[in-house]
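K.L.:
The chain contents come next:
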Amino acid sequence: MKRKEDVRFLHGKGHYVDDIKLPGMLYMDIVRSPYAYAKIKKIDIEAALKVPGVVTVVTGKDLEKYNLHWMPTLMSDTQMVLPTDTVMYQSQEVAAVIATSRYAARDGREAVKVEYEPMKPLMDPYKSLEPGSPVLRTDKPNKKDNHIWHWEAGDKEKTEKVFASADVVVKQEMYIPRIHVVSIETCGCVADYDKVNNHLTMYMTTQAPHAIRTVIALVAGHVGLTEEKIRVVSPDIGGGFGGKVPVYPGYVIAIAVSFLTGVPVKWIEDRSENLQADSFARDYHITAEMAGTKEGKILATRFKVLCDHGYTDAAANPSKFPTGLFSIATGSYDYDTAYMEADAVYTNKPPGGVAYRCSFRVTEAVHAIERITDRFALEIGKDPAKVRMENFIKKEDFPWKSPTGWIYDSGDYHAGLKKVMEVVGYDALRKEQAEKRAKGELMGIGLSTFTEIVGAGPSKDFDILGIKMFDSAEIRVHPTGKAIARFGTKSQGQGHETTYAQIIAEVLGIPAENIQVEEGDTDTAPYGLGTYASRSTPTAGAAAAVAAKKLVDKARKIAAYLLEVSEDDLEWEPGKFSVKGAPEKTKTIQEIVFAAYTNHPQGMEAGFEATHYYDPPNLTFPSGAYICIVDIDKETGGIHVRRFVAIDDCGNIINPMIVQGQVHGGLTQGIAPAMYEELIYDDDGNMLNGTLMDYLVPTAVESPKWETGHTVTPSPHHPIGAKGVGESPTVGAPPAIANAIIDALSPYGIKHLDIPITPYKVWKALKEKGAI
Amino acid sequence: MNKQITVTVNGTQQTLEVEPRTLLVHMIREILNLTGTHIGCDTTSCGACTILMDDKSVKSCTVLAVQANGKSITTIEGVSTEGAMNPLQEGFKENHGLHCGFCTPGMIMRATELLVNNPNPTEDEIRWGISGNLCRCTGYNNIVKAILYASAKMRGVPTASTEPEFV
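If you're matching them up, the sequences are chains W and Z in order.
Residues 1 to 772, numbered by my numbering, are exactly what the first sequence covers, in order.
Residues 1 to 167, numbered by my numbering, are exactly what the second sequence covers, in order.
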């Protein structure tokens with residue numbers, strides 16, 4: 001089915017936050033620190049106030065009067081809205097200029113004079129942990145270091161024993177650098193506070209409108225903004241990918257100013273601000289180890305991670321999981337021993353990290369396991385496809401308990417790898433590679449066979465700031481048989497207006513074209529935790545199916561009444577009930593719905609609606625088998641991706657076209673960090689590539705012609721067997737590409753390169769080995 | 001000191017007052033209230049602001065409004081006829097060439113000039129031709145497919161299947 005939402009976008013009638021214009025609206029621009037770590041000596045706003053159009057300038061001292069200068073983060077750390085004495089990262093918000101036009105606000109921003117006393121920033125997370133390093137979070141009483149938290153999973157002693165006695169142990173350091181989501185629409189809001197009615201409407205680029213409403217009420221409740229007085233509206237969003245989950249200072253300042261002035265305030269960040277100050281993704285320093293037999297059996301894995309969180313832990317993970325779902329790093333392989341630990345540290349960088357299209361840290365986990373598996377294969381001289389095939393969890397062993405306690409719901413890893421190997425012609429490619437190697441030509445084949453973990457999550461383990469991670473659907477069918485369905489999730493391009501309608505249509509039999517889907521307005525949508533971490537299909541999609549089933553149950557009662565038979569005498573097919581043995585006696589769902597308003601049985605509630613809040617019993621576990629083939633120019637290090645085939649298993653597929661679109665998009669966001677993207681800082685804390693001139697987002701030229709396919713192993717616990725797919729490709733692609741490039745270089749003794757693997761890195765590695 | 005300019009916008013002549021420094025994209029979005037043209041960056045890198053000026057695709061964030069004086073501009077709001085989609089819009093819809101829709105108007109305006117200059121482009125020519133327009137959602141495969149569809153439609157030849165192809 002083609003997408004219902006496309007029409008407005010194609011005509012330029014999308015409704016994004018910067019399209020909103022309200023009478024009397026003011027514009028906000030933010031003064032930002034050029035220093036990564038500095039004391040603020042003085043903020044001089046006099047010249048700014050004289051700029052035509054400037055209405056006011058807000059600083060930390062102004063917000064301090066209302067105790068709004070600090071706010072909680074989603075991980076229960078604290079973050080500055082505006083500083084009162086110290087800035088902690090380059091581009092940190094320092095003051096906000098409010099003016100009658102966008103240009104006047106920018107003029108005012110240029111006129112604000114700030115005097116700083118720069119200090120030497122801590123940019124290296126290892127240095128930050130060294131005893132004697134300056135303590136960054138002097139706002140935390142009794143804090144004596146820069147360590148945030150320590151986390152562990154698995155069995156430390158058992159793992160040590162297995163490693164000590166194993167034939168083969170491989171160890172590899174890997175750094176997964178900081179990157180940015182770069183949705184084409186930046187973040188922004190229009191905060192509209194009505195003084196007369198004490199009511200705030202917050203139009204905002206947010207992937208989780210209800211959670212944000214509750215957070216605003218928690219932060220600003222003490223000034224009278226209680227939750228029923230707040231309406232958060234998430235309009236059309238131009239891409240989210242996790243970057244529109246955090247509460248950025250700009251939003252809070254806009255609310256504060258609107259609250260104080262009673263006038264709407266618009267804040268739209270520009271791209272440089274977005275890249276330099278918004279929450280980043282990744283930034284994990286991983287030491288990965290694998291123990292196995294010399295024949296190729298994996299016995300155990302061990303991971304140690306240093307997590308660079310910038311100056312505050314503003315990650316968006318479920319609260320009990322500071323490293324997100326990183327403990328999926330045991331991977332797709334059948335072994336029972338693993339141990340992993342992580343330490344998080346403060347540095348003078350922007351706060352974070354967001355879950356950038358990775359469920360929660362699954363990109364990091366999968367990169368670690370898929371790279372170390374290839375290292376293991378290289379060490380024992382065995383084909384990496386063979387190593388994987390011989391170690392996969394078998395289809396019949398699901399549900400399968402991992403060494404870190406996850407219950408994988410279903411999968412057929414052998415079928416996936418077999419299929420992708422057939423499609424690329426794996427054996428012929430290895431032959432070709434051998435021939436090329438004999439001639440000194442560089443060709444690489446890289447695999448990634450990953451298990452994803454999405455759909456957070458079951459209430460017994462998952463919450464964000466204490467709010468459980470259920471999700472919801474509310475379906476109401478009108479007398480003339482058309483419906484409206486509202487959800488607690490929020491699409492940023494994933495096609496919910498189409499796929500949710502399809503789910504309901506399949507259960508209830510009302511055509512998807514007749515079902516209007518709405519999300520994003522907290523005044524009308526049922527409470528939900530939003531869209532990220534590939535959770536919409538597993539949670540809200542499930543809620544839609546269950547709610548639709550409740551409607552079928554009500555329809556049965558009405559049909560029995562209309563047809564004057566007992567409920568047991570009825571047969572259901574989506575769209576109509578008929579009498580068993582008398583198939584010509586039917587009532588369509590439309591006739592039944594009409595009767596719910598005009599001729600319902602006495603004693604039954606009139607109307608035709610159902611709501612369901614779905615608490616998933618488990619996460620879902622999509623998987624995939626990807627193969628990437630590269631050819632490398634020895635002289636220049638230039639990397640050409642010859643072919644990339646992705647076989648994904650996301651359980652039952654609701655809309656094949658939309659699933660494929662998600663895979664294409666995720667793959668391009670996967671090749672990006674593998675070859676092009678990383679945020680680079682120098683020792684003074686300057687971000688060296690904070691604009692799109694220097695931060696390399698792939699264009700249609702860098703992005704290969706993706707080839708995709710699927711296997712289907714339905715989720716046994718999901719009402720329609722679906723698993724979710726939005727993030728699998730971003731998770732699975734980087735190691736496939738990295739493995740391919742390193743495979744091409746392995747004849748020269750090159751065993752690992754950190755992503756992004758650029759031509760320069762390739763050339764340098766070859767030169768160091770004397771290959772060129 | 002404001003300047004008065006005359007611009008033909010989507011076929012209608014308009015007289016407007018702008019500052020010398022007003023960017024064309026702001027004139028389009030804020031003065032003309034045509035919000036289909038979007039802003040995605042500040043270094044002329046993303047192409048979300050692409051429109052046609054005298055039939056050439058330009059990034060309107062890097063054109064001053066005064067430079068449009070006496071010229072004719074076309075935005076996404078001006079490409080369909082009486083609400084019916086043109087071949088490019090239809091191509092994007094039939095081939096799932098958009099997800100969030102934010103880069104889409106810019107892509108369509110760029111593709112419009114591309115197809116005028118090269119009515120029967122190869123896939124590579126399309127990829128190079130749209131390399132000034134970033135998309136973060138689609139992975140580009142289906143955008144290319146959409147433009148190939150439009151090209152076929154405009155040449156009066158059968159369009160390729162719009163069903164997703166799987167291996």
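Careful, some of the hints might be misleading.
What the hints assert, rightly or not - List of simulated lysine to any residue pairs, SDA-like, C-alpha gap at most 25 Å:
#	chain 1	residue 1	chain 2	residue 2
1	W	Lys-21	Z	Asn-2
2	W	Lys-4	Z	Ala-84
3	W	Lys-705	Z	Asn-2
4	W	Lys-21	Z	Gln-14
5	W	Lys-705	Z	Thr-159
6	W	Lys-65	W	Asp-85
None of these hints come from the bench; they were simulated from the model.
Predicted model only: the values in this text are computed from it and were never measured.
K.L.:
None of the hints should be skipped; say for each whether it holds.
P.N.:
We went through each hint and held it up to the structure:
1. Lys-21(W) with Asn-2(Z): holds, 23 Å
2. Lys-4(W) with Ala-84(Z): At roughly 16 Å apart (the allowed maximum being 25 Å), Ala-84(Z) and Lys-4(W) satisfy the hint.
3. Lys-705(W) with Asn-2(Z): Measuring from Cα to Cα gives roughly 49 Å; hence the hint is violated.
4. Lys-21(W) with Gln-14(Z): holds, 22 Å
5. Lys-705(W) with Thr-159(Z): holds, 19 Å
6. Lys-65(W) with Asp-85(W): holds, 15 Å
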